[in-house]
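**Student:** As given, the protein sequences belong to chains X and F, one line each in that order. Counting with numbering that gives the first Met the number 0, you get residues 0 to 408 for the letters of the first sequence. Counting with numbering that gives the first Met the number 0, you get residues 0 to 408 for the letters of the second sequence.
Worth double-checking, as some hints may not be accurate.
Any copy will do: because identical chains look the same in the list, a pair fits if it lies in one copy or spans two.
What the hints assert, rightly or not - Within a straight-line C-alpha distance of at most 27 Å, the following computed BS3-like cross-link-like pairs (lysine-lysine) qualify: (1) K28 x K248; (2) K104 x K167; (3) K241 x K118; (4) K334 x K365; (5) K363 x K377; (6) K104 x K91; (7) K248 x K363; (8) K99 x K64.
These are calculated hints, taken from the structure and not from any lab test. Here the structure is a predicted model, which is why all the values come from computation and not from measurement.
There are 2 protein chains.
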Amino acid sequence: MKIALVDDVVLPQGFRAAGIASGIKRSGKRDLMLVVSDRPATCAGVFTTNQVQAAPVKLDREVVKNQSARAIVVNSGNANACTGASGLRDAKAMQAQAAKLLKVKAGEVLVCSTGAIGKPMPMNTIRAGIQQIVPALSADGGPDAALAIMTTDTRKKTATVRLAVDGKPVTLTAFAKGAGMIEPNMATMLGFFFTDAAVEPRALQHALKQAVDASFNRVSVDGDMSTNDTCLFLANGAAGNKPLTPKHKDWPAFTAALFVIALDLATKIAADGEGATKLVTVRVEGARSDAEADAAARAVANSMLVKTCWNGDYPNWGRIMDAIGYSAARVDESKVDIFYDARHAVRRGLATRTSIAALSAVQKQKQFTIRIDLHLGKGQAEVYTCDCSEEYVRINVDYIKMPDGREPT
Amino acid sequence: MKIALVDDVVLPQGFRAAGIASGIKRSGKRDLMLVVSDRPATCAGVFTTNQVQAAPVKLDREVVKNQSARAIVVNSGNANACTGASGLRDAKAMQAQAAKLLKVKAGEVLVCSTGAIGKPMPMNTIRAGIQQIVPALSADGGPDAALAIMTTDTRKKTATVRLAVDGKPVTLTAFAKGAGMIEPNMATMLGFFFTDAAVEPRALQHALKQAVDASFNRVSVDGDMSTNDTCLFLANGAAGNKPLTPKHKDWPAFTAALFVIALDLATKIAADGEGATKLVTVRVEGARSDAEADAAARAVANSMLVKTCWNGDYPNWGRIMDAIGYSAARVDESKVDIFYDARHAVRRGLATRTSIAALSAVQKQKQFTIRIDLHLGKGQAEVYTCDCSEEYVRINVDYIKMPDGREPT
Chain X
0 MKIALVDDVV
10 LPQGFRAAGI
20 ASGIKRSGKR
30 DLMLVVSDRP
40 ATCAGVFTTN
50 QVQAAPVKLD
60 REVVKNQSAR
70 AIVVNSGNAN
80 ACTGASGLRD
90 AKAMQAQAAK
100 LLKVKAGEVL
110 VCSTGAIGKP
120 MPMNTIRAGI
130 QQIVPALSAD
140 GGPDAALAIM
150 TTDTRKKTAT
160 VRLAVDGKPV
170 TLTAFAKGAG
180 MIEPNMATML
190 GFFFTDAAVE
200 PRALQHALKQ
210 AVDASFNRVS
220 VDGDMSTNDT
230 CLFLANGAAG
240 NKPLTPKHKD
250 WPAFTAALFV
260 IALDLATKIA
270 ADGEGATKLV
280 TVRVEGARSD
290 AEADAAARAV
300 ANSMLVKTCW
310 NGDYPNWGRI
320 MDAIGYSAAR
330 VDESKVDIFY
340 DARHAVRRGL
350 ATRTSIAALS
360 AVQKQKQFTI
370 RIDLHLGKGQ
380 AEVYTCDCSE
390 EYVRINVDYI
400 KMPDGREPT
Chain F
0 MKIALVDDVV
10 LPQGFRAAGI
20 ASGIKRSGKR
30 DLMLVVSDRP
40 ATCAGVFTTN
50 QVQAAPVKLD
60 REVVKNQSAR
70 AIVVNSGNAN
80 ACTGASGLRD
90 AKAMQAQAAK
100 LLKVKAGEVL
110 VCSTGAIGKP
120 MPMNTIRAGI
130 QQIVPALSAD
140 GGPDAALAIM
150 TTDTRKKTAT
160 VRLAVDGKPV
170 TLTAFAKGAG
180 MIEPNMATML
190 GFFFTDAAVE
200 PRALQHALKQ
210 AVDASFNRVS
220 VDGDMSTNDT
230 CLFLANGAAG
240 NKPLTPKHKD
250 WPAFTAALFV
260 IALDLATKIA
270 ADGEGATKLV
280 TVRVEGARSD
290 AEADAAARAV
300 ANSMLVKTCW
310 NGDYPNWGRI
320 MDAIGYSAAR
330 VDESKVDIFY
340 DARHAVRRGL
350 ATRTSIAALS
360 AVQKQKQFTI
370 RIDLHLGKGQ
380 AEVYTCDCSE
390 EYVRINVDYI
400 KMPDGREPT
C-alpha cells in the first residue's frame, strides 16, 4: 500500500484553527494556537513519563479521561512547568477562557505549553491573546497553528493524508514541534492529530499509543526527556463513516495512515534536532530480544562521541563498538557486524577492507543508516537521531541572548 | 586528619620510570611509558565493565590474578581495541619484550594502551620504543611517565602523599589520564598507583576497588564508557613495614591517603574534561536510597542540556528538575530543594526569591556544587562532572585533523 503524504496541514471537515503572535515570545513570532472542532470530537492523549510534569499535562490527563473534547489551546515561549499551584491555576484559566469564548464546557478544552521551565506564565498577555485568537479561527488556519507551537524548531513539521473509510473521503492531518530535549518517551515534543473520521474512543487511544511508540518514542536528539511532552488526537466524525474500531474493514488503512504521518513527523523532528545537519537511522538486528536491540540502538543514538563523530567526515566505528559494549544489550565483540548504509565496516568485531573513503562518503550524506547486527538472536529495533554539532551547544548555552528570536526550550 | 598532597609524581623507593616519544603519535609527543619495581611488587587491578574490551585489558586481568608484578608498560596513541587476535598478539609482544629486557617473567608485566579504537598497532614503532625506553628508566622519571599516557588531556594528573606505616616513611604516588569518554565505571581512564609500603594482596585489591568506586567511578564527562579503562596498583614493600591488612593499626591512614589521591586525580579528570571550563559537583541528598541518589546525580551530570547550560552564565535550574524527573530515582516535584553552592534556588519545586544574578554568580565560578535534596529519605551520592562547551564538540568532530598534536580518543 502506498500512502500519499502532503507536507502541510489541511484541516479535516469541521475543524478550524489559528496561530497568532500574542507577545509571549520577545521575538514577536507566533506563540499562541487554537484548534476547534465544530462538534464534540472523540479524543485521545499520550503524555510524558517524566515525574516532573508541567501543569497543562496534569490538566489534559483529566480531559482525556472523558474521551471527548472540542478544542486545543497551546502557547509557546513558556512551559508552565515547575510553577506549582499558580501554574495549574493559569492552565485552568486558559482552559476556562477558551471554553467560554467558544461556548463549550471547560472540560472539553485541552491545554499545552512549551518553552522555558520554572517561569511564571505571562497571563495578561495570554488572556489578551486568547481573546484575539478566537475571531481569527478559519478552515485554512492549520499552517499558522503549526508555526505557533515552534520553539527552537527551524521548520514547521506537518503532514496530511487522505484516505477512504466506508467509501467516504477522510482527512488525517497532524503537526508537531520538537528540536532539543528530545528522547524516548516524547521529550519536549508536542504532536496534534486531527481527523474527520469517526473513531471509537478506546480504538483512538490504542491507535495513538501504538503510533507514538513506533515513531516519536523512537526519536532521540540529546537524550533528555521533557516535562511537557504531549500527543493529542481529535476525531470528530464529520466524514459520516461507521465508527472505526479494530474490527472495521478500513482499520488497517486508517492505522497505517496514522503510522505514516507519525513517522514522518518524528523523522522531521530528528532531522531538525538543535544544530543537526544529518538524519541518522540506527538499526540494530540480531539482539537476544527486541528490548536489548532497543537498548543497543539507544546507546549508539545517545552517545555524544558517536554523534559528534557523525558531524564530521571521519567514520569512527570504534565509538559505535564502544557504545554497544556499555549498553544493556548482551554483546559478543567477536560476532558484531556494522554497516554504513550498504557498506560493510565491521565484520565479526574487526575492520573490513572497506576503505575509510567509502565509509566517509556514506557519513557525509544528509541521511544515512547505521545497521548493527549482533548475531545473537532475532531482536531488532530502530531509532531515529541526528549528529551533534557545535551549533547544538551554542543554542543551548546562549539561547538566553539569542538574537534571532528563537525561544528557550 | 589532614593529608598533605603534592601535585607531582614522586616515585616511592625501588621504583624507576620513564616516558618517551617513540613515534606512535604523529604529533611527536611522549607516547610510551614504563614503570618498573626493582623487586616483585604486590599488584591489584580494576578494569572497565564494557563488554568490548581492549586486548591489554584481557591480558592484565590474567596478570593481576597472580597478585604480583614487576612493571607496567603503556602506549598512548592507539587503544589496541577491536583488534582481535592480532591485537592480543601485539599486547603479548609488548609484554614479552619488556620482560626480556627487564629480565623478569612475561607474566610479571602489565600492559595498557589508550587512543583510537580499531586501528592496528604500529608494532615496529612500539618495539623500537620499548628497546629505547628501558635504558631511560630513572627514579626521577615519574613526571615523564605521566606525560606519556596523555591523549586529549591538556594537563597531566599527578598526586603524591607521604605517610608513616609502622613508623617508617612511606610514599604513595599516582598518576592518571582521561579527558573524554569518561563515565562511571572508568571510561578511557588510566590510573596507576605505586607505593613502597608492603601490602597484603587481597587487602591491596580491596583498597584499590574501594578507592576507585569512590573517585574515578564518580566522574562523568560525557556519559561514554571506554573499552580500555584500567587502574593498577603496585606495592613493593621497600619501606620495610609489616604488610598492611585491614587489621593493621595504620590501615585507616593508608586507605585514607589512597582515597585522597584517587579523589584528587578524579576531580582533575573532571576539570580537564574535553572542552571543560568548570568543575561541577552534583550532590543529591534525601533520596529513598543511595542507589536512587546516584541515579539522580548521574542523570543531572550526564544531561547535555544541563551541561551546556553550565557553560553559559544563565542558571536554568528547570533543566535540573527535568533531569531528576526522568531519572530512575523517585522524585516528588513538590518536595525538591536545589542549591547553587549556598544559594537556595528551588524550594519545594518552586523558584525561591534568590535573584538570577546571585545564582549566576555561583555558576560563573570555575568550581561549584549543585546540591539537590529530594526530601524522601536518607540516600545520598556525589558525582563530579564538568560543563559542555562548543570546544567539546570541536575536539570530537575534528580530532582527526587537529593541528595541535592532540591524539584521538
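**Student:** None of the hints should be skipped; say for each whether it holds.
**Tutor:** Hint check:
For the homomeric pair K28 and K248, neither the shortest alpha-carbon distance inside one copy (44 Å) nor that between copies (71 Å) is at most 27 Å. Within a single copy, K104 and K167 get their C-alpha atoms no closer than 30 Å, and across copies no closer than 84 Å, so neither meets the 27 Å cut-off. Taking identical chains as interchangeable, the C-alpha atoms of K241 and K118 are never at most 27 Å apart, the minima being 46 Å within one chain and 63 Å between chains. Taking the closest pair of Cα atoms, K334 and K365 never come within 27 Å of each other, the shortest separation being 29 Å inside a single copy and 45 Å across copies.
For a Cα distance limit of 27 Å, the shortest separation of K363 from K377 qualifies neither inside one copy, at 30 Å, nor across copies, at 50 Å. Within a single copy, K104 and K91 get their C-alpha atoms as close as 12 Å, which meets the 27 Å cut-off; across copies the closest is 77 Å, which misses it. Taking the shortest Cα distances, K248 and K363 never come within 27 Å of each other, neither inside one copy (44 Å) nor across copies (63 Å). Proximity of K99 to K64 under the C-alpha cut-off of 27 Å is restricted to the intra-copy arrangement: shortest distance 21 Å within a copy versus 76 Å between copies.
When the structure is compared with the earlier hints, violations turn up for hints 1, 2, 3, 4, 5, 7 and for no others.
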